[in-house]
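Novice: The residues making up each chain are set out below.
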Amino acid sequence: MATVLTEQGPVDVSAGPGSQDQLWLTRPDADAVSGWAMKPEGLCKGDICMPVPADKADDYVRDDHINLAAFWDRMQKPSAHSQNGDVWVLGESADDRSARLQSLEAPDFSLPDLDGKFHSLSDFRGKKVFLATWASW
Amino acid sequence: MWQAIYDDYQNNDFVVIAVAMDNDIEAARPWIEDAKPTYPVLIDRYHQLADLYNMVNVPQAVWIDEAGQIVRPTENAGAFEGFRALDFESMTVPDDVSATVQSSKKTYVAAIRDWAENGVDSVHAFTPDQAQAHLEAPDDNKAKAHVMFRLGMYLQQTGNDAEADSLLAQAADLHPESWTIWRQAADKLENGLAAGPAFWQRVNALGEDHYYKPVDMAGMPTEGPPKG
Numbered sequence: 001m002a003t004v005l006t007e008q009g010p011v012d013v014s015a016g017p018g019s020q021d022q023l024w025l026t027r028p029d030a031d032a033v034s035g036w037a038m039k040p041e042g043l044c045k046g047d048i049c050m051p052v053p054a055d056k057a058d059d060y061v062r063d064d065h066i067n068l069a070a071f072w073d074r075m076q077k078p079s080a081h082s083q084n085g086d087v088w089v090l091g092e093s094a095d096d097r098s099a100r101l102q103s104l105e106a107p108d109f110s111l112p113d114l115d116g117k118f119h120s121l122s123d124f125r126g127k128k129v130f131l132a133t134w135a136s137w
Numbered sequence: 001m002w003q004a005i006y007d008d009y010q011n012n013d014f015v016v017i018a019v020a021m022d023n024d025i026e027a028a029r030p031w032i033e034d035a036k037p038t039y040p041v042l043i044d045r046y047h048q049l050a051d052l053y054n055m056v057n058v059p060q061a062v063w064i065d066e067a068g069q070i071v072r073p074t075e076n077a078g079a080f081e082g083f084r085a086l087d088f089e090s091m092t093v094p095d096d097v098s099a100t101v102q103s104s105k106k107t108y109v110a111a112i113r114d115w116a117e118n119g120v121d122s123v124h125a126f127t128p129d130q131a132q133a134h135l136e137a138p139d140d141n142k143a144k145a146h147v148m149f150r151l152g153m154y155l156q157q158t159g160n161d162a163e164a165d166s167l168l169a170q171a172a173d174l175h176p177e178s179w180t181i182w183r184q185a186a187d188k189l190e191n192g193l194a195a196g197p198a199f200w201q202r203v204n205a206l207g208e209d210h211y212y213k214p215v216d217m218a219g220m221p222t223e224g225p226p227k228g
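The listed protein sequences correspond, in order, to chains A and B. Counting along the first sequence from 1, when you hit position 23 you're at 23 in our numbering, and nothing is skipped either side. Counting along the second sequence from 1, when you hit position 1 you're at 1 in our numbering, and nothing is skipped either side.
These are computed hints drawn from the structure, not numbers from a lab. Any given hint might turn out to be false.
To be verified - Label-pair ranges, simulated between beta-carbon atoms:
hint, chain 1, residue 1, chain 2, residue 2, range
1, A, 7, B, 98, 39 to 45 angstroms
2, A, 59, B, 190, 50 to 56 angstroms
3, B, 226, A, 7, 39 to 45 angstroms
4, B, 12, A, 118, 54 to 60 angstroms
Predicted model only: the values in this text are computed from it and were never measured. A virtual CB, placed ideally from N, CA and C, is assigned to each residue, including glycine.
The task is simple: from the sequences and hints, build the whole structure.
Specialist: Structure follows, in structure tokens:
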């Protein structure tokens, strides 16, 4: 069992065998925690696909499992995991974040209020949004 | 804090979204329940916004138009670092510094009002070129810092303190400009503020760098106060 901390919250998945720095997931689980899905072209999200390296395919895909951590490294996206490999965070690369900001399209997010009700930035399309941060600390 | 602006312009296709960068919802709750804002106040336990919008401190703000386009990227939301002129014996800041704190806030609020009223015609709404020029791009270290921070906060909640402390320290090292990472992870005083000796040491180490970066807006101070 491993927990992947996604932007929607922690998701428990059954992780296949491997060392602590590998994250072998079933294809549906990998898709669920990352939004990336295996296709004949490779691991894909939208129009973007990362081909499986032919010379070491075994590091990336085995039967119905894929090593999401290996794909993440190959895509040069940051990840972090607990020492025993049971908790993972798969992040976005600085390049992807920068490109998104340079497009000036405000990145969407969905966060809860005190009552646990989620609000997305995109709910407010059609309004000018003054988005401001604060903190108790 | 933004309630009066929201009251005046909510019928003008304008909304405030306030986001608490607070891992502990209960720490944020009394502030929200006291102020009772009528605009949405959201809780960002893992500082997702800092990662998405390259934020490093609070208060920071982004102005987003009706089409979801950024018209002012992440900036200091009108705060002036007057506290850096604090005299520790009298626990006061000089009057002229206090006045600048007030006038900065006032100038920023007036600019938001102008934009809420005039939209794209406001002098404070950047053109796309200007908005892009004001963007600060994240780098690999910052991106890595955000994932380590997220993991560290989660491990702290689940009782794995040793690993959490190490991850949070590494995150702060990888992203030294970020006060959100450092202060969220830091020990808090009894009043809930991360404002103990370690905070002041980190502030003093800024030297000529800013705690709240000056806002590029007419009438805003361009330099910090003389240091106390």
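Novice: Given the hint of 39 to 45 angstroms, is the C-beta distance from residue 7(A) to residue 98(B) inside that range or not?
Specialist: Holds, at about 40 angstroms.
Novice: Does the beta carbon distance between residue 12(B) and residue 118(A) stay inside 54 to 60 angstroms, or does it fall outside?
Specialist: The hinted range 54 to 60 angstroms is violated for residue 12(B) and residue 118(A), with Cβ atoms some 26 angstroms apart.
Novice: Given a hinted range of 39 to 45 angstroms, is it respected by the beta-carbon distance of residue 226(B) and residue 7(A)?
Specialist: Distance hint for residue 226(B), residue 7(A) holds at roughly 43 angstroms.
Novice: Do residue 59(A) and residue 190(B) keep their Cβ atoms within the hinted range of 50 to 56 angstroms?
Specialist: holds, 51 angstroms
Hint 4 from the list above is the single one not met by this structure.
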